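Participant: Each chain, letter by letter, is given below.
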Amino acid sequence: MEHEFKATGTTWWLRSDGAPRSLLLLVEQLVREYEARLSRFLPDSALSRLNRERRVEDDVVAAVVSAAESARRLTRGAFDARAGAALVAAGYDRSFEEMDGAQNSGPESSRPTVLLLGTTVLLLGHGQIDLGGIAKGWIVDRAAELLGEAGACVVDGGGDIRTVGGPAAEEWPIGVGDDLAVGLADGAVATSSTRSRRWQTPSGEAHHIIDVSAGVPAREVVTTAVVVASDAMTADALATSILADERRGMRAVAARGGQALIQRVSGAWEMTPGMSRYLR
Amino acid sequence: MTTSTPARPSTTARAERRLLVQLSVAAVSMLTLAASWLGIMSAERAVVAQPTEVQAEATTTNGSLTSVVPAPATSNTTVVRRSRAS
Numbered sequence: 000m001e002h003e004f005k006a007t008g009t010t011w012w013l014r015s016d017g018a019p020r021s022l023l024l025l026v027e028q029l030v031r032e033y034e035a036r037l038s039r040f041l042p043d044s045a046l047s048r049l050n051r052e053r054r055v056e057d058d059v060v061a062a063v064v065s066a067a068e069s070a071r072r073l074t075r076g077a078f079d080a081r082a083g084a085a086l087v088a089a090g091y092d093r094s095f096e097e098m099d100g101a102q103n104s105g106p107e108s109s110r111p112t113v114l115l116l117g118t119t120v121l122l123l124g125h126g127q128i129d130l131g132g133i134a135k136g137w138i139v140d141r142a143a144e145l146l147g148e149a150g151a152c153v154v155d156g157g158g159d160i161r162t163v164g165g166p167a168a169e170e171w172p173i174g175v176g177d178d179l180a181v182g183l184a185d186g187a188v189a190t191s192s193t194r195s196r197r198w199q200t201p202s203g204e205a206h207h208i209i210d211v212s213a214g215v216p217a218r219e220v221v222t223t224a225v226v227v228a229s230d231a232m233t234a235d236a237l238a239t240s241i242l243a244d245e246r247r248g249m250r251a252v253a254a255r256g257g258q259a260l261i262q263r264v265s266g267a268w269e270m271t272p273g274m275s276r277y278l279r
Numbered sequence: 000m001t002t003s004t005p006a007r008p009s010t011t012a013r014a015e016r017r018l019l020v021q022l023s024v025a026a027v028s029m030l031t032l033a034a035s036w037l038g039i040m041s042a043e044r045a046v047v048a049q050p051t052e053v054q055a056e057a058t059t060t061n062g063s064l065t066s067v068v069p070a071p072a073t074s075n076t077t078v079v080r081r082s083r084a085s
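Protein sequence lines correspond, in order, to chains Y and A.
For the first sequence, numbering that gives the first Met the number 0 assigns the number 0 to the initial residue and increments by one for each residue that follows.
For the second sequence, numbering that gives the first Met the number 0 assigns the number 0 to the initial residue and increments by one for each residue that follows.
Hints were generated in silico from the structure; no laboratory data involved.
Each statement offered as a hint is correct.
Partial selection, computed: residues in chain Y whose CB lies under 8 Å from chain A: (1) D155; (2) I173; (3) L179; (4) S191; (5) E269; (6) T271.
This one's a predicted model, so the numbers in the text were calculated from it and none came from an experiment.
C-beta: ideal position from N, C-alpha, C; glycine also.
Make the full structure from the sequences, and use the hints.
Facilitator: Structure, rendered in structure tokens:
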């Protein structure tokens, strides 16, 4: 059985051969509840309160912020959820569906210091948190855990895909890149690209991958990154980090035992040697 | 007392010697030419070899990217879903 719906500014798709429809609807509800807490575009979300009031007590925000800080350390700063202010300055200040051109206000490199005290998150200094892709990956993982109770399943949250294999660890064939496919039993794959979520500004075209130290959209060396990892949240963060800084991103992929397929500005595809294990 | 004057080489013998000299010169020229041709070839081979070495280096510079997917990269596998950047 399949189920599709819109949430988190993208299309979600669920597939389970053993789950009743009620469980698929429950997963959709779960996704919406997490979105209500983690979106920076909803003024009443816990994340928006954190950015506005510099303090929030919320177990979900605390969990994802903690994961984002781990990803920042893993990628040596190539992935950094604290670059929210740079995204706003680049013009990405509302849901992408609502954008029709944007005003940009130049480089913005302020990043807050994050303090985690149990389920309380504190921000010190200027800057904002944007949990965008890593939150989506985290929600995909939670959705797959729930849906996986009914057996093998696939959860796709806007390109972040988590698979759960059946009793015989059957593989799910998942398309990646232009025309390639990977086989995943229990695993995840995520795709990030500077070719999606682009917008016009008075000073030219911008995209959503930020060079954190410069506080502006990153120079495009790799335009698309596909990462296979054990979970969707990690795969998403690693794919984003490769676009922001290829060298640091690829090191992080290797450190986590992941695999990557990348497309350069020239259009050429390259991949890590271990990626061939997954290609079908 | 009689003296004998060495017999002058015949015209045929002189012609043979001249031919031998000419053949020797030609052989040396050919060898020189062959040597220089071989030299050019090996130099050209060195130039041709250079990009291969550079390419091999380029694919290992990153330390992790060693495979290049041939274009167009395709798979005939039927997929249940495609991971697309959103």
